[in-house]
Amino acid sequence: MNLGNTFHGEIYEFPGVYLDKFNNRGEVFLLTHSHQDHLQGLLNKSFFGRVYCSSLTKEIVALEDRYKPVLPYLVAKEYNEPFEIETRVCKLTVTLIPSYHCPGSVMFLLEGIDKAVLATGDIRAEAWWASTLIKNTYLFPYITGLKVLDQIYIDTTFSYRGEPYISIMPNSEGVYATIELLKLYPVDDEIQFMFIDAVSGSEEAWFQIVNYFDGELRANDLVTRRNELLKKHRDFYSPIKTSFKTGPIFNVGTPRSPVPVLIIIKHAINFNVIDYAGQCLPRRVSDIDPADLTCLATTSRGHKVFEHEGRQWILPKGQHELLPTGIMLMFSRHSSFEETRNFIDLFRPRLVYPCTESRATWLNGFTVARVFGDLCVGDTNHRFDLDKFERFGYPLPQILDRDVASINRWSFSQCLHEVDFVHMASERPFKGQLLLIPRGATKETKKMLSKEFKLQNLIAGRNEEKFKEVIEYHKTLRANPVFRKLDYHSSSYGSESSYEEVRTYSDEEEYEEGEMVSESQNVPCDTWNQTLTATGCAHLSPFLDNNRIQVVSAELSKDKRNWNQFKLKSTTPQI
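In terms of full-length UniProt numbering, the sequence shown is residues 1 to 575.
Mixed in with the good hints, there may be bad ones.
The calculated label-pair distances, taken between Cβ atoms and stated as ranges, are [as the list claims (entries may be wrong)]:
(1) Ala127 <-> Glu64: 32 to 38 Å
(2) Asp65 <-> Gly112: 36 to 42 Å
(3) Gly310 <-> Pro260: 17 to 23 Å
(4) Val551 <-> Lys241: 52 to 58 Å
(5) Glu78 <-> Asn211: 24 to 30 Å
(6) Ala369 <-> His8: 17 to 23 Å
(7) Arg66 <-> Val187: 38 to 44 Å
(8) Asn211 <-> Val89: 48 to 54 Å
(9) His8 <-> Gly310: 43 to 49 Å
Computed cross-link-like contacts, DSSO-like style, restricted to lysine-lysine with a CA-CA straight-line distance of at most 27 Å [said to hold, decoys possible]:
(10) Lys135 <-> Lys21
(11) Lys135 <-> Lys183
(12) Lys147 <-> Lys135
(13) Lys91 <-> Lys115
(14) Lys231 <-> Lys68
(15) Lys45 <-> Lys21
(16) Lys58 <-> Lys232
(17) Lys77 <-> Lys21
(18) Lys147 <-> Lys115
(19) Lys77 <-> Lys58
(20) Lys68 <-> Lys232
(21) Lys21 <-> Lys115
(22) Lys241 <-> Lys58
(23) Lys245 <-> Lys232
(24) Lys91 <-> Lys147
(25) Lys21 <-> Lys68
(26) Lys45 <-> Lys77
(27) Lys91 <-> Lys21
(28) Lys58 <-> Lys231
(29) Lys58 <-> Lys21
(30) Lys241 <-> Lys183
(31) Lys77 <-> Lys135
(32) Lys304 <-> Lys245
(33) Lys58 <-> Lys68
(34) Lys231 <-> Lys241
(35) Lys304 <-> Lys317
(36) Lys77 <-> Lys147
It should be emphasised that the hints constitute simulated quantities derived from the structure, not laboratory data. All values derive from a computational prediction rather than experimental measurement. Note that CB positions come from ideal geometry on N, CA and C, so glycine has one too.
Kindly generate the complete structure, drawing on both the sequences and the hints.
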């Protein structure tokens with residue numbers, strides 16, 4: 001399944017203008033950022049169009065030799081400096097608005113005589129960033145209601161996972177929590193750390209973590225040159241500070257030479273508090289049967305590496321807790337469902353056009369009318385819905401009529417409710433989708449659920465009585481067979497970077513386990529790093545047991561009473 005940019009590129013309101021797709025049909029092209037899935041067609045020998053982008057995006061693209069032949073086509077523009085472009089049928093003003101996704105990324109505000117649209121490209125619309133947009137001179141009239149956008153072409157990467165749509169904690173909280181965990185690890189020349197995700201946009205996490213520990217960041221030549229480039233551009237990313245480098249060594253991608261003990265730091269968003277409490281927190285040695293511990297190695301400084309429950313752990317010298325050799329960094333470059341809705345609500349446009357979609361998401365209810373319709377002020381006949389109906393037909397009526405479901409997997413109460421939901425769905429006849437957040441829940445209730453606790457507090461207070469009981473309970477719960485198969489993708493909603501050869505621009509590569517490091521290195525072989533690969537079930541909830549799903553599916557296929565609710569098919573309206 002392609003999890004990258006699925007947008008066809010055409011800006012309907014301005015014929016001849018294309019976004020992040022490069023072909024001979026367009027006259028003028030706009031590039032939002034430097035990720036590979038947004039550069040499709042740029043290297044075609046037949047392409048020779050004008051491509052407008054930010055200055056930093058052009059500089060980042062220029063770092064890779066294969067793009068040098070097309071650099072003359074890239075027209076670099078500055079942020080917030082409107083300019084005019086013209087096609088055979090229209091003239092319009094274009095303004096680049098800085099966005100929060102990766103270095104150099106922008107949104108395009110396109111204004112014609114009687115039309116205006118905003119094309120976001122990929123964005124992470126965290127509340128802090130979205131709240132600053134009203135201060136932008138060119139967006140101000142559209143946010144205040146003085147003017148109305150005819151359409152927002154928006155990043156909807158969140159949609160591919162299906163419902164319930166998950167909440168995502170702010171990146172700063174994810175980095176903060178990771179630092180709290182990393183503080184427990186010893187400084188040892190034989191112990192290094194590796195950031196798996198090398199895609200541009202991850203720099204924020206690298207720099208914050210490395211700066212805090214006064215460490216050293218190592219990477220291949222391409223990533224190193226990109227990091228050096230960012231020293232001249234400090235819009236969102238402060239580079240590595242000058243230091244004595246007395247802290248640990250952090251690698252982006254596979255280290256150049258074998259490392260005795262390698263701690264892997266992996267981006268994740270489809271994770272939850274039950275799994276985190278059960279798998280990712282340190283474990284007290286006194287709580288473990290010595291027969292279940294196998295010492296694998298001891299560093300020259302006396303720190304030991306143990307195997308426990310099929311995973312590798314570090315026991316620092318003189319300490320009493322096993323530390324995991326796999327760390328989950330909660331970090332995303334794409335907006336959640338809730339953040340996307342809040343962004344649209346900020347503008348209240350006439351129409352919305354999602355830029356990430358698939359046949360599966362459409363037939364499972366991802367229509368603009370259902371998901372965003374209440375936030376739009378224009379015609380209910382959304383262009384996106386008309387396009388997809390023509391290609392795929394209508395989703396089932398019972399799917400279109402149900403409420404949109406979402407869940408905060410960092411809420412203990414909601415995760416337990418989801419576990420109950422899974423058991424109920426597995427043990428009883430299928431009765432359609434159940435809501436994980438109660439229908440009619442108030443904003444105050446949702447706010448309370450989302451702020452039940454901070455992840456960093458769970459890490460720092462893991463030995464306090466108020467947390468210990470909860471952690472132990474979830475360790476036990478995590479051992480339940482329903483959790484055997486887990487699905488954890490990077491913060492790009494499935495967009496992983498290659499590890500052996502770090503690719504700077506791609507936001508869509510996937511990987512196979514075992515590619516990232518050599519066999520001589522200590523690598524955790526965790527069940528929670530496995531990817532569910534059952535046909536048609538590549539992105540299921542981490543709570544679902546694949547074998548059980550097959551059994552239940554077979555039973556439901558025989559249950560004629562529930563066939564129409566279970567069988568997903570395309571239908572056309574009856575006339």
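Violated constraints from the hint list, given by number and in increasing order: Per hint list: 10, 11 violated.
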